[in-house]
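These protein sequence lines are chains S and Y, in that order.
Residue numbering for the first sequence follows the UniProt record's numbering, beginning at 1 and increasing consecutively.
Residue numbering for the second sequence follows the UniProt record's numbering, beginning at 1 and increasing consecutively.
Please note: incorrect hints may appear among the correct ones.
Identical copies carry no separate label here, and so any pair may be met within one copy or between two of them.
What the hints assert, rightly or not - Distance condition first, Cα-Cα at most 20 Å in a straight line; then the derived EDC-like pairs of lysine to aspartate or glutamate:
(1) K118 <-> E146
(2) K244 <-> D285
(3) K244 <-> D288
(4) K244 <-> E146
Keep in mind the hints are simulated off the structure, nothing from the lab.
Protein chains: 2
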Amino acid sequence: MTTTLTNRQVRLAARPVGMPKRSDWNFVSEPVRALADGEITVKTLYLSLDPAMRGWMNEGKSYIRPVAIDEVMRAGGIGKVVASKSPKFAVGDYVSGVIGVQEYWTGPADDKGAGIYKVDPKAAPLPKYLNALGMPGMTAYFGLLEVGQPKAGETVVVSGAAGAVGQTVGQVAKHKGCRVVGIAGGKDKCDFVVNELGFDACIDYKSGSVREGLKQHCPKGVDVYFDNVGGDILDDVLTRINMKARIIICGAISQYNNTTPVKGPANYLSLLVNRARMEGIVVFDYADRYHLGVAEMAKWMKEGTFKTREDIVEGLDNFPETLLMLFEGKNFGKLILQVAKDE
Amino acid sequence: MTTTLTNRQVRLAARPVGMPKRSDWNFVSEPVRALADGEITVKTLYLSLDPAMRGWMNEGKSYIRPVAIDEVMRAGGIGKVVASKSPKFAVGDYVSGVIGVQEYWTGPADDKGAGIYKVDPKAAPLPKYLNALGMPGMTAYFGLLEVGQPKAGETVVVSGAAGAVGQTVGQVAKHKGCRVVGIAGGKDKCDFVVNELGFDACIDYKSGSVREGLKQHCPKGVDVYFDNVGGDILDDVLTRINMKARIIICGAISQYNNTTPVKGPANYLSLLVNRARMEGIVVFDYADRYHLGVAEMAKWMKEGTFKTREDIVEGLDNFPETLLMLFEGKNFGKLILQVAKDE
Numbered sequence: 001m002t003t004t005l006t007n008r009q010v011r012l013a014a015r016p017v018g019m020p021k022r023s024d025w026n027f028v029s030e031p032v033r034a035l036a037d038g039e040i041t042v043k044t045l046y047l048s049l050d051p052a053m054r055g056w057m058n059e060g061k062s063y064i065r066p067v068a069i070d071e072v073m074r075a076g077g078i079g080k081v082v083a084s085k086s087p088k089f090a091v092g093d094y095v096s097g098v099i100g101v102q103e104y105w106t107g108p109a110d111d112k113g114a115g116i117y118k119v120d121p122k123a124a125p126l127p128k129y130l131n132a133l134g135m136p137g138m139t140a141y142f143g144l145l146e147v148g149q150p151k152a153g154e155t156v157v158v159s160g161a162a163g164a165v166g167q168t169v170g171q172v173a174k175h176k177g178c179r180v181v182g183i184a185g186g187k188d189k190c191d192f193v194v195n196e197l198g199f200d201a202c203i204d205y206k207s208g209s210v211r212e213g214l215k216q217h218c219p220k221g222v223d224v225y226f227d228n229v230g231g232d233i234l235d236d237v238l239t240r241i242n243m244k245a246r247i248i249i250c251g252a253i254s255q256y257n258n259t260t261p262v263k264g265p266a267n268y269l270s271l272l273v274n275r276a277r278m279e280g281i282v283v284f285d286y287a288d289r290y291h292l293g294v295a296e297m298a299k300w301m302k303e304g305t306f307k308t309r310e311d312i313v314e315g316l317d318n319f320p321e322t323l324l325m326l327f328e329g330k331n332f333g334k335l336i337l338q339v340a341k342d343e
Numbered sequence: 001m002t003t004t005l006t007n008r009q010v011r012l013a014a015r016p017v018g019m020p021k022r023s024d025w026n027f028v029s030e031p032v033r034a035l036a037d038g039e040i041t042v043k044t045l046y047l048s049l050d051p052a053m054r055g056w057m058n059e060g061k062s063y064i065r066p067v068a069i070d071e072v073m074r075a076g077g078i079g080k081v082v083a084s085k086s087p088k089f090a091v092g093d094y095v096s097g098v099i100g101v102q103e104y105w106t107g108p109a110d111d112k113g114a115g116i117y118k119v120d121p122k123a124a125p126l127p128k129y130l131n132a133l134g135m136p137g138m139t140a141y142f143g144l145l146e147v148g149q150p151k152a153g154e155t156v157v158v159s160g161a162a163g164a165v166g167q168t169v170g171q172v173a174k175h176k177g178c179r180v181v182g183i184a185g186g187k188d189k190c191d192f193v194v195n196e197l198g199f200d201a202c203i204d205y206k207s208g209s210v211r212e213g214l215k216q217h218c219p220k221g222v223d224v225y226f227d228n229v230g231g232d233i234l235d236d237v238l239t240r241i242n243m244k245a246r247i248i249i250c251g252a253i254s255q256y257n258n259t260t261p262v263k264g265p266a267n268y269l270s271l272l273v274n275r276a277r278m279e280g281i282v283v284f285d286y287a288d289r290y291h292l293g294v295a296e297m298a299k300w301m302k303e304g305t306f307k308t309r310e311d312i313v314e315g316l317d318n319f320p321e322t323l324l325m326l327f328e329g330k331n332f333g334k335l336i337l338q339v340a341k342d343e
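Chain S with its partners taken away, still in its complex shape (with noise of 0.2 Å):
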């Protein structure tokens, strides 16, 4: 590793108030450190984009720290190993982990703090192990399965049908034998995910009544509702839930750039009514079983019963405007932006 390594990396300048602005980054470069044993320098290829991000840019209590300001935005994505005082990376490796927004992560090489572990380009391409070979694919696996046990039989709904995870939520609970309906912005996802992905039906929130779309599309009523966008459509689904319904709280995109106080879900009586189950899920908890989700989910792929849709955008300097396309509904599929080409 020679010294003239530049980091360019975008930090945290302020805390946003609702949508994050651009003055509410800094474009800040610094040289590469040098490795102190057991660390290794990683070259950033491509960067998980999430809805979760806009909650880590606030203050206050969460399921993980909030990043400081002046702090390297946090990112999970994929690099290649540059330079290795570890024993268990060589350079050239190519490995996961939370690298964050910048073209050079440097540190400990374990499976604590920024969780490094190796992927394999030959078994998937790279930017399927941001997506559902990912966190992402994570989230939706053990989110549905384990939290909304559903049965074979059985209605599931899921929003943000076309995103990372609704792709994944819808698509394994196919494979286990449910009725699968999604709610998605726009004829384009809708399609997608009905002709590409296998879903039953979807419902398309911008161009009708998502009520009456359920109505029309779950005859039987709801089973599982995994809910990655809360707001009006968790109220309509609410309206339509089966006695003993799950309700999967995975996010609420629709929320969180918000000025004004979330809306709660009005119709959460329903609950009652229908003795139904609302659950949040946090991925990490299942971190000792992910492996068994790759698994099943990579056999899936390479039977051919088993799709996803990446959408990548490159540039590091692109990451403020690329990060917002995810509340406007722009992007299609899982939101990756492409730091360097693998070369």
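Fit chain Y to the given chain S structure using the hints.
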């Protein structure tokens, strides 16, 4: 039985908007009808007045069909058999069942429909069969134990703590080794649940901040919350729940007379952060196990380690105003309307 018995009834005249008014009720008298084979006539002694009654007055799908316009208002109660063409019941027997807001109930003497069953006035005073040994008690017992799954050492919080359900929730939780914190309106009610019922603490929502009270009295956070009230108090508790907390949705008395939409819990994303659960309970689901709950609580009553308090108002004519006491927080203990003396 003579034909001279007159049955004074309270019928639903109109679906109330907001708080029920006297004009939403019709007082009607009609002769008690002759018995068919298998039927009995019950003279009403005590009627249970419950928050759920407000929901029964609304149109629309719920866990039970609405009371129809011009139908006798639904109510559970305790009465005495005054005429019988059923081999199961003799004149003079005391029974519990859904006998309605009227002086006499006549119908089939089975455990379907009105769910008529015998109660023993020697085992416990009759009003107790509308409190801990009746529906509120069963709701509390099975809601807490089956949905809440409290473990010894955990902190259980219950709102409406001095009410029929709240009293029992807190005492059952104490018997199971939990720390119990009530939420109630006014010093008298708080003193009662702490000094008489043995709760560890009680927060007076009328005299201070519920959030501050929770901070002070639940230093280890909240593991189980039994919610009878909804609204702001539910939101306050959501800010203090522990990982894997269980919230039992039993009711939302703060919202039943709204003329605006129900206030959904704005802090529901705390379920996500804490991998917590919110689940509804309807007591009828546990009907085949009521006897187990009755047996355990009756044992505690005999030991003197379980108390209940009733707030008994006299006179069928006072039904409309007495029902409102529930929504104004004016009852102190299980609210019961005494329709006739046992003579």
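Q) Looking at the structure, which of the earlier hints fail to hold? A) 1
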